[in-house]
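Trainee: Sequence:
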Amino acid sequence: MDMIKLGRTGLMVSASSFGALPVQRVSMDEAKKLLRMAYDGGINYFDTANAYSDSEEKIGEALSDVRHNIIISTKSGASDKATLLKHIELSLRRMKTDYIDILQLHNPAELPNPEDPDSLYGGLLEAQKKGWIRFIGITNHRNQVAWDAVLSGKYDTLQFPFSSISDEKDIALAELARDHDMGFIAMKGLAGGLITNARTTFAFMKQHPWVVPIWGIQRESELKEFLELEKNPPVYDEEMKQLIARDRAELAGNFCHGCGYCQPCPVGIPIQNAARMSLLLRRSPYQTWLTDEMNAEMMKIENCLHCGACASRCPYGLDTPKLLADNLADYKQFRAEHLNK
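For the sequence shown, the residue numbers in our numbering are 1 to 341.
Just so you know, the hints here were simulated from the structure itself, not pulled from any lab data.
Here the structure is a predicted model, which means the values were calculated and not measured.
Virtual Cβ for every residue (Gly too), placed ideally from N, Cα, C.
Treat the hints loosely; a few may be bogus.
Stated by the list, open to error - Derived DEER-like restraints, expressed as beta-carbon distance ranges:
hint, residue 1, residue 2, range
1, ALA109, SER64, 27 to 37 Å
2, GLU175, LYS130, 11 to 21 Å
3, HIS306, ASP237, 44 to 54 Å
4, PRO117, GLN333, 54 to 64 Å
5, PRO266, ASP167, 48 to 58 Å
6, SER64, GLN333, 47 to 57 Å
7, GLN333, GLN242, 26 to 36 Å
8, LYS322, ARG248, 21 to 31 Å
9, ALA252, HIS306, 39 to 49 Å
10, ASP54, VAL235, 35 to 45 Å
11, GLY260, GLU302, 19 to 29 Å
12, LYS154, ASP65, 30 to 40 Å
13, PRO264, LYS322, 17 to 27 Å
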């Protein structure tokens, strides 16, 4: 496994690293087996979050005995200093460790005041002074907030969506982080599942050798695929570029990235899938989405209150209610056509 220096932290992390959000969806035994398989396969960096239900606990159960051989980052979505410190203490207990390598503010809408000792940033400095955390990071889905974080010089790492369909602004952001010796951690490497050929985005990532992708892994087959890609990287040739260009063309414009920050919906609409259903139907096995259960979930869109809460929380500034209505209309037509075959 190749290693990448994570900016000014000096941490050497595996070129393919482990995004541990999905392990909350599997049993403890399955998660332990998967995490240990990743470690044995050469992965030494594991990223999680306080909000990912039992993901931190599973990391603690699987990897506490090799803690000093691995690098862990986690996140807090706290809105005040006291809650942030409580989150950090909880994360330490869950992961059976006495320090966290990188503590990241989890997608804040704006940067906290670094000069205020009672701000979130003040809390990070206090935790660092206590020895609870080694480095300070931030995650975001908003290009401008992320850009400001890099230029502030106050954060050691930035985690941001980055994949083969990233636009020029996002690529410029990754380059800015590199130029400021800031670690750049790529989340959503498969665009929330909309990129169906992992080879394309893997080859794209390799063209940015300072970028550390954390692949969201839930199954052994997914882990094995990324480990194999590390052993035999695909060539970034004209054919690969054409495949990427096709993905970019199909996913151009305002589409739901599936980040989930729009949730919860007061009438229970599963927004992060419903708002991109047209893409999911055409970029994954469509039978998964045509079940009676999924149909009932999609029909909840008809109960939309148009309260605007989802749109106000969308980091991409999307008109979420319109996306939901458009996707529902397409879903009804697609379902009728394919169930009648």
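Trainee: All hints, please: hold or fail.
Mentor: Right, here's what the structure says about each hint:
1. ALA109 <-> SER64: 27 to 37 Å: For ALA109 and SER64 the Cβ distance comes to about 34 Å; the hint holds.
2. GLU175 <-> LYS130: 11 to 21 Å: Violated, since GLU175 and LYS130 (Cβ atoms, about 34 Å apart) do not stay within the stated range.
3. HIS306 <-> ASP237: 44 to 54 Å: 48 Å, holds
4. PRO117 <-> GLN333: 54 to 64 Å: 57 Å, holds
5. PRO266 <-> ASP167: 48 to 58 Å: Hint violated: Cβ distance 32 Å, outside 48 to 58 Å.
6. SER64 <-> GLN333: 47 to 57 Å: Cβ of SER64 to Cβ of GLN333: about 51 Å, so the range 47 to 57 Å holds.
7. GLN333 <-> GLN242: 26 to 36 Å: 30 Å, holds
8. LYS322 <-> ARG248: 21 to 31 Å: 23 Å, holds
9. ALA252 <-> HIS306: 39 to 49 Å: Violated: the Cβ-Cβ distance is about 27 Å, outside 39 to 49 Å.
10. ASP54 <-> VAL235: 35 to 45 Å: 40 Å, holds
11. GLY260 <-> GLU302: 19 to 29 Å: With Cβ atoms ~22 Å apart, the hint holds.
12. LYS154 <-> ASP65: 30 to 40 Å: With Cβ atoms ~34 Å apart, the hint holds.
13. PRO264 <-> LYS322: 17 to 27 Å: Once the Cβ atoms are compared, 20 Å apart, the range 17 to 27 Å for LYS322 and PRO264 holds.
Of the numbered hints listed earlier, those contradicted by the structure are 2, 5 and 9.
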